[in-house]
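Fit chain B to the known structure of chain A by using the hints.
First to last, the protein sequences are chains A and B. Count along the first sequence starting at 1, add 154, and that's the number in this note's numbering. Count along the second sequence starting at 1, add 1196, and that's the number in this note's numbering.
Take these hints with a grain of salt, some might be off.
[Unchecked claim] Chain B stretches covered by chain A per the calculated footprint, using a threshold of three residues with CB under 8 Å from any CB of chain A:
# : segment
1 : 1208 to 1220
2 : 1291 to 1300
3 : 1303 to 1310
4 : 1334 to 1343
[Said to hold, decoys possible] Short, incomplete list of chain B residues facing chain A, as computed with Cβ under 8 Å:
# : residue
5 : T1225
6 : S1226
7 : L1319
8 : L1321
9 : P1323
[Said to hold, decoys possible] Some chain A residues near chain B, calculated using beta-carbon distances under 8 Å:
#  : residue
10 : I187
11 : V189
12 : A193
13 : I232
14 : I276
15 : G306
Rather than coming from a laboratory, the hints here were simulated on the basis of the structure. Where is the CB? At the ideal position from N, CA and C, for every residue including glycine.
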Amino acid sequence: MADAPHALRVLRVLRPGELARGVVTVGLFVAGIVVGILAYERVTSGFDYGPLPPKAEAAEPPAADRLTDLLRDGQDAILAEEYDGELLEALSGALVIGQSQGLVTITDIRHLGTVAEGDESIASYLAFGQLSNGSDGVIAFAIRVRGDEVVGVN
Amino acid sequence: MARIRRVVGVVVSLAATLVAGGVLGYVVTSFLSPVLPGPVQPGNRHEFQYTRDYVVAIIERDAATANALLVPQNPATRALLYQRFEQALTLQPRTLTYLGGATAGQLGAYSYVLGVETPTGTLHLVPFQLTTVESRVLDVRGGSLGPGFDDG
Chain A
155 MADAPHALRV LRVLRPGELA RGVVTVGLFV AGIVVGILAY ERVTSGFDYG
205 PLPPKAEAAE PPAADRLTDL LRDGQDAILA EEYDGELLEA LSGALVIGQS
255 QGLVTITDIR HLGTVAEGDE SIASYLAFGQ LSNGSDGVIA FAIRVRGDEV
305 VGVN
Chain B
1197 MARIRRVVGV VVSLAATLVA GGVLGYVVTS FLSPVLPGPV QPGNRHEFQY
1247 TRDYVVAIIE RDAATANALL VPQNPATRAL LYQRFEQALT LQPRTLTYLG
1297 GATAGQLGAY SYVLGVETPT GTLHLVPFQL TTVESRVLDV RGGSLGPGFD
1347 DG
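So here's chain A without its partners, still in its complex pose (with noise of 0.2 Å):
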């Protein structure tokens, strides 16, 4: 705030003409930020989606947020203790390739997006970490939400 009267002085000493050119000029700043704005929306928006639009995107449900928390921070006694053995099973599962090489370890865990429908969300998530033959390896996985409950791992 103590600026303010300084800037009023600013402008008392600038001539007319300076301060119609500075005037355009963040004018004609303003109206190429807005101009390139449009650009990137129109450009973007030409993806063809054919019969199958996508849907909007919903926010991270919490519970599996919770979820892949304890997982990436390797809280096994807390996982035991919250989640039944038949969704373990299935969050064990998702983080296989095919039929053997698994995640070993988890380095980190990003939660890409969601999508919801009624009082169902599906969370999609990406998992990194080693492979069980010691290679670097990611492996995607969701976690189905029914209100404020995981119901289901893929």
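Just chain B now, with coordinates in the frame of chain A:
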């Protein structure tokens, strides 16, 4: 002559300002739009044509296209892949949402959610996860309509 040169200089300067604003608007929007809520922006998510072609081939039961995009596997393994989606594909596909993916080492992992509609008009969500290697599908998981699905 000097006057023309001065006018040209002013016009170039104004055009440069407009272009600079345009570039800034475009770049900032491209960085911000993936993290903003709203419709899916596939352009920001680098969806590969072959992963979409594979998912669409599964939905349309186009085995020839699906097999061409798949890492060579024996018929029993391929049959298992199709079987995972059998129940979901008895319903009418309505939406297909690509949620993104990434690569690590030679592997790629990509996620889709299919929306299928029952005869009563209820939409159910079906996850699809692809694992790829060298632009071919190595494994596909998902297909579940969720527990308690009763065709209604």
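Checked hints:
no.: 1; hint: 1208 to 1220; result: holds (count 9)
no.: 2; hint: 1291 to 1300; result: holds (count 10)
no.: 3; hint: 1303 to 1310; result: holds (count 7)
no.: 4; hint: 1334 to 1343; result: holds (count 8)
no.: 5; hint: T1225; result: holds (4 Å)
no.: 6; hint: S1226; result: holds (6 Å)
no.: 7; hint: L1319; result: holds (5 Å)
no.: 8; hint: L1321; result: holds (5 Å)
no.: 9; hint: P1323; result: holds (4 Å)
no.: 10; hint: I187; result: holds (4 Å)
no.: 11; hint: V189; result: holds (5 Å)
no.: 12; hint: A193; result: holds (6 Å)
no.: 13; hint: I232; result: violated (23 Å)
no.: 14; hint: I276; result: holds (5 Å)
no.: 15; hint: G306; result: holds (6 Å)
The structure does not agree with numbered hint 13 stated previously, though it agrees with all others.
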